[in-house]
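Visitor: Read off the chains here:
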Amino acid sequence: MKYCFILLITLSSSSLLAQNFTISGSVKDSTNGEDLYGASVRVKELTNVGAITNAYGFYSLTLEKGLYTLVYGSSGFDQKEVKIELDKDMSIDLELNVPSEIQELGDVIVKAEKGNNNITSAEMNVTKLTPKDIETIPVLFGEKDIMKTLQLTPGVKGAGEGNAGFFVRGGGADQNLILLDEAPVYNASHLLGFFSVFNSDAIKDVALYKSGIPAEYGGRASSVMDVKMRDGNKKQFEASGGIGLISSRLTVEGPIVKDKGSFIISGRRSYVDIFLKLSKDEQIQNTSLFFYDLNMKANYKLGEKDRIFLSGYFGRDNFGFGDDFGFNWGNATGTLRWNHIINQKLFSNTSLVYSNFDYAFNIGAEGEDDSFGVQSSIQDWNVKQDFTYYANQNNTLKFGLNGIHHTFKPGALTGGNESFNELVLDSRYAIEMGAYIQNTHKVGNRLNLMYGLRYSGFNLIGDGNRYDFAENGTATTTEFDKWETIKYHNGLEPRLSASYLLTEKNSIKMSYNRNFQYLHQVSNSTSSSPTDIWVPSSNNVNPQIADQIAAGYYHNLKDNMYALSGEIYYKFLQNQIDYKNGANSFLNDEVEGEFVYGKGRAYGLEIQLRKTKGRFTGWISYTLSRSLRTFDQIDGGKEFSARQDRIHDIAVVAMFKINKSLAASATWIYYTGDAVTFPSGGYSVNNTFIPLYTERNGYRMPDYHRLDLGLTWYHKEKKRFESNMNFSVYNAYGRENAFSITFEPEDPDAPNGPQKAVQTTLFKLIPAITWNFNIK
Amino acid sequence: MKNILYILIAVATFSSCQKDIDLDLNSANPSIVIEANYAAEDSTVSVRITKTVNYFGSEAVPTVDNATVTITDQNGVSQSVPFSSNGDYTLTNYAPQLNTIYSLKVVIGGVSYSASSKMASPVIMDTIAYDWFEGGFGFDEGFVMVINFLDPADTVNFYAARFTVNGTEFNRLDEGFTQDDALTDGNYQSRPLFGGPQVDSLDVVGLELLSIDQAIYNYLNEAASIVGGSTSAAPGNPTSNWDNDALGYFSAYSSSRQEVTLP
Chain A
206 MKYCFILLIT LSSSSLLAQN FTISGSVKDS TNGEDLYGAS VRVKELTNVG
256 AITNAYGFYS LTLEKGLYTL VYGSSGFDQK EVKIELDKDM SIDLELNVPS
306 EIQELGDVIV KAEKGNNNIT SAEMNVTKLT PKDIETIPVL FGEKDIMKTL
356 QLTPGVKGAG EGNAGFFVRG GGADQNLILL DEAPVYNASH LLGFFSVFNS
406 DAIKDVALYK SGIPAEYGGR ASSVMDVKMR DGNKKQFEAS GGIGLISSRL
456 TVEGPIVKDK GSFIISGRRS YVDIFLKLSK DEQIQNTSLF FYDLNMKANY
506 KLGEKDRIFL SGYFGRDNFG FGDDFGFNWG NATGTLRWNH IINQKLFSNT
556 SLVYSNFDYA FNIGAEGEDD SFGVQSSIQD WNVKQDFTYY ANQNNTLKFG
606 LNGIHHTFKP GALTGGNESF NELVLDSRYA IEMGAYIQNT HKVGNRLNLM
656 YGLRYSGFNL IGDGNRYDFA ENGTATTTEF DKWETIKYHN GLEPRLSASY
706 LLTEKNSIKM SYNRNFQYLH QVSNSTSSSP TDIWVPSSNN VNPQIADQIA
756 AGYYHNLKDN MYALSGEIYY KFLQNQIDYK NGANSFLNDE VEGEFVYGKG
806 RAYGLEIQLR KTKGRFTGWI SYTLSRSLRT FDQIDGGKEF SARQDRIHDI
856 AVVAMFKINK SLAASATWIY YTGDAVTFPS GGYSVNNTFI PLYTERNGYR
906 MPDYHRLDLG LTWYHKEKKR FESNMNFSVY NAYGRENAFS ITFEPEDPDA
956 PNGPQKAVQT TLFKLIPAIT WNFNIK
Chain B
138 MKNILYILIA VATFSSCQKD IDLDLNSANP SIVIEANYAA EDSTVSVRIT
188 KTVNYFGSEA VPTVDNATVT ITDQNGVSQS VPFSSNGDYT LTNYAPQLNT
238 IYSLKVVIGG VSYSASSKMA SPVIMDTIAY DWFEGGFGFD EGFVMVINFL
288 DPADTVNFYA ARFTVNGTEF NRLDEGFTQD DALTDGNYQS RPLFGGPQVD
338 SLDVVGLELL SIDQAIYNYL NEAASIVGGS TSAAPGNPTS NWDNDALGYF
388 SAYSSSRQEV TLP
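Protein chains in written order, with this note's numbering: chain A, 206 to 981; chain B, 138 to 400.
Honestly, the hints are just simulated from the structure, not real lab data. Remember, predicted model here, so these are calculated numbers, not experimental data. Some hints here could point you the wrong way.
What the hints assert, rightly or not - Partial pick of chain A residues on the chain B-facing surface, computed with a CB cut under 7 Å: (1) Q224; (2) A412; (3) P460; (4) S632; (5) A703; (6) L707; (7) T708; (8) N711; (9) S885; (10) G887; (11) N891; (12) T893; (13) L897; (14) T966.
Where is the CB? At the ideal position from N, CA and C, for every residue including glycine.
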């Protein structure tokens, strides 16, 4: 209530001004007509007056009558100016060009552009990347991967090799909300984590919020990764693609009706299994292993005020072992959106979103007596209504609501033979809802505020069972009818961030946010597996709650050529979940009885120095952080390190344009080894030597470090055809980083004799080559 | 499941490699380990009491020879389990009462440890059979023993199976088999025992089907999952039914046995 009151006062006070007119429109990329999100439109004559485009490139600015110069720009584009005479409400679409220095790699002129959005915007700790930013960064097998590149920024830590999961500021891998055109992606990895599901060719940009998360987002405790698909070229047909060592991709895009609508279709398939045929081992020869994915999007302008978007993603991984074993999993998402400009100040978007993740495995050849299969899925239907209201030059309001219907199918065992009974675990249903209001508020020339409130609720509904567990673990079951409430959880999530401009060159920012998370993914394995299940909140499982406060100092040097930032944060996590020792999570209706509950905290310092202009660009980041957990049932309630408690984390990213046709890059990362549980003794039972564990995560894996190198060779540009060749080397100095450390007897024939530790390394020096092309 | 995922990772990465490393592990304070069985079929209570050692190192497991061991039936009648040799305590000719709870108490230097276990009814093995397996799934070509029995309907049963080959007993934790009847209640079971000890032509193979209680079933599974390393992110000690932080277990079980000579 208090928030609404403040909002009311600020809005009414400024709307008393007379003779105001509104200028609105969109900001686009001049080459292909793509909407630019987060572009700034400022007024040169006035300090701290401007607007930022919303997710659809729309801006609106209300000013007093007069003559103005609009200065507009976006990261990765040349800044432009336009003079206007404002004496009536007007609509202007603005277009931005990619900088000439990217087009001609030769002479580099450092432009005296302002480029200090990082200092002036109220949004804190948002990391934005476009596929262009990462084009030359070296990656494993030469597969451009925006998710892997995000892990090189401070506060974001990859879950390790063989794992596409990531940790943000000490939170768990399930605490990141990953959205693809508003649809949640439940499993963002291919090939068990070696690649992410995001095909860079189809992606416009990615924004990652680490703190001060805007109120429009909800549902996860630690971060939001908002991935937006490209709309497709509105001006001309275009085909682009790449042929790589283990996968190839092709994208086709173009106008449906010129400047009215466009489409894009982008596909990718890997062919690792072709190499497996070369193996001498018959078992490996018979193994199939591949993934494919398809991104599709179309948009059409129905009139001056209406536009619709339809986007979809479909991806699948397949793994087979002759006829004996098959395993496949994948995501499917679909988003239908309708943009409507109600008036020059009020923008509306309505979305219908579908998301599905499922996996299945089957054992034995189909149709045979003893074959059986296991299936599991999670499915969402989501309805969203969002408004952006450009109240006046100092206030931009966002408000909206949404409702999600979740269907969880935790598992089913089908087929089977005489000795197996078919088993279908009960489906679970839930309605998750959210309503929010948020204001971006400029106070005077120096202070920018963003404050908002989100209400979220989660209703676990029938038909289904409620399980009440007695002390000894036995469950009492109560049945519920369809749509009947089994358990309702809800909460208020205040969000606040503020930035204060000290000078044009430096600013300080602060933020606080509270996030509720109602779905939980519990994993007891070190590598992410598609079979890690999602569990809804219930009478036994309470929602996870995260509170985070953060503060930062930002300083631009040498005419915004360098950006230096330092941020500190403290995060408190409630209702964290872990498995009991020896928990039975497989095909268990009463899996909630296998959990233990605790709390956590994380804190840290992140420092980054970026060079944003010139032939040489890149950054150095350093993070000092801790992530700790406390569970009554683990180590007698003693605080222990979370697995991702990496104390020191350094990333160096360097990109250098050698000349018109060559660009080189290098990345180096270093981090403290993950916390891990090793034995501190051993004993003998049943004539078997067993490890004795005394402390959860009391040991450390060896420190991790790696250098990757890349070289991109741009072929001479022809009128309609461009191409480049990308060479990369992953782990260039062949560091043997530990993927796992396991224990085994020194002599396999004397299992109770002396033991030894064995380290497995996955990748030592992997070269790759990829050829990319573009036809217009 | 986890093994299959590991195969996948291994297949996916041609460059993976392994090497032995030096690792500095802590030395935990020695704790008491009690491995206790009451086998109905033999009317024998056998208890072995030892202590923990350092993980790396070749020291012999120290035995505890000065303990007082007593078993108590559910009517409260106690009997001493006498010391035999080298940490072993044995009581023979102790007649079992099926479907009752037995308690075992061990006192070492004034510290007392106790555990109890329910003696289940035996499930009678029908026959044991064998098959010739062509190899696959990481198992070599060879004989596979098959255990046949009818799971009693409408009761919850927990099983373990154990091999004897030419008189040598295989009772290591990672050589045993366990099964519950959650998916198979009341069905006739014909279960191949993959991954058992290697058996060859003319071997005399004995199989024992044990009816155990749930705590022991869990213990055996948890223990087997950590023997020789674990893929779990948070491996823990198996849940013991002993109190006072003693390691090990006490199992009262019934069983049935069969023998076959391979062709």
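Visitor: All the hints need checking, so say for each whether the structure fits it.
Guide: Results of checking the hints against the structure:
Contact between A/Q224 and chain B, as hinted, is not supported at the beta carbon level, the nearest pair being about 65 Å apart and thus beyond 7 Å. Evaluation of the A/A412 hint against chain B yields a violated restraint, the C-beta minimum of about 30 Å exceeding 7 Å. Using the Cβ-Cβ criterion of 7 Å, the hint placing A/P460 at the interface with chain B is not satisfied: the shortest such distance is roughly 40 Å. With its C-beta approaching chain B no nearer than about 19 Å, A/S632 sits outside the 7 Å limit, and its interface hint is violated.
A hinted interface residue such as A/A703 counts as satisfied when its beta carbon comes closer than 7 Å to some beta carbon of chain B; here the least separation is about 38 Å, so the hint is violated. With a least beta-carbon distance of about 45 Å to chain B, the hint placing A/L707 at the interface is violated under the 7 Å criterion. Of the supplied interface hints, the one on A/T708 is violated, with its beta-carbon coming no nearer than about 48 Å to a beta-carbon of chain B, more than 7 Å. The interface hint given for A/N711 is violated, since its Cβ lies 42 Å from the closest Cβ of chain B, which is over the 7 Å cut-off.
Because the beta carbon of A/S885 sits about 4 Å from the nearest beta carbon in chain B, less than 7 Å, this interface hint is met. With 7 Å as the threshold, the beta carbon of A/G887 comes within range of chain B, its nearest partner Cβ sitting at about 5 Å, so the hint holds. For A/N891, the suggested interface contact is upheld, since its CB lies about 5 Å from the closest CB of chain B, less than 7 Å. Taken as an interface hint, A/T893 checks out: its beta carbon lies about 4 Å from the nearest beta carbon of chain B, inside 7 Å.
Interface hint at A/L897: satisfied, since its Cβ lies 5 Å from the closest Cβ of chain B, which is below the 7 Å cut-off. With a cut of 7 Å, the hint placing A/T966 at the interface with chain B holds, because the nearest CB-to-CB distance is about 5 Å.
In this structure, the earlier hints numbered 1, 2, 3, 4, 5, 6, 7 and 8 are contradicted, and the remaining ones agree with it.
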